[in-house]
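*Asks:* Sequence:
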Amino acid sequence: MKSEPRLPDELVNQGGQRPIQDLIVLMSAAFAVLVALVIAVGLLTDVVVRLVPRERESTLLRPVVSAFLDDFGEGEAAHEAHQALQALFDKVRAVVEPMPYEFQLKLACTPMVNAMALPGGGIVVTSGLLKLLRNEDELSFVLAHELGHFVGRDHLQGLGRGLTLGIALGIG
13 MKSEPRLPDE
23 LVNQGGQRPI
33 QDLIVLMSAA
43 FAVLVALVIA
53 VGLLTDVVVR
63 LVPRERESTL
73 LRPVVSAFLD
83 DFGEGEAAHE
93 AHQALQALFD
103 KVRAVVEPMP
113 YEFQLKLACT
123 PMVNAMALPG
133 GGIVVTSGLL
143 KLLRNEDELS
153 FVLAHELGHF
163 VGRDHLQGLG
173 RGLTLGIALG
183 IG
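Residue numbering for the sequence shown follows our numbering, starting at 13 and increasing by one per position.
Since the hints were made in silico from the structure, they are not lab data.
There could be a bad hint or two in this list.
[Claimed, not checked] Subject to a maximum C-alpha distance of 20 Å in a straight line, what follows is the list of computed SDA-like cross-link-like pairs (lysine to any residue): (1) K103 x L117; (2) K143 x A120; (3) K14 x P31.
All chains should be modelled from the sequences, with the hints used to inform the complete structure.
*Replies:* Have a look at this one:
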């Protein structure tokens, strides 16, 4: 068989004749890769979080949490409420499994209704939430819920996922 040289036809460097369909396929593939990346980052973070000793987490993040908690103002009127909140927290803390955290409880004087667990042992309860709760049992439930975040290490998983995903998307 003898090879015969010939010129390529005019369409050799042109894409398909379906630009809209090609764009949809390309965008779908990019979206699928992004979803796969998010799932992979979440799974990887869950594994890494389990490998970090709780004592190390507390030691590493305590200065950050302390600085964050200092940003929440606590007026003179809130001092008595904070003491009562701390006493109730100590009661709730006594009935949960031991954890190697030095918990820092802070009452934030803000109308926002929220409570949050922070990496390293910080817990913030807002005055807006305290006004909404009707009795001590409801507040005990909120405090126990926040302690539950430390048992599951939810705060550290969220921090790890956010950082890892931010880095991954920043590089990409």
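*Asks:* Are there hints from earlier that the structure breaks, and if so, what are their numbers?
*Replies:* When the structure is compared with the hints, only number 3 turns out to be violated.
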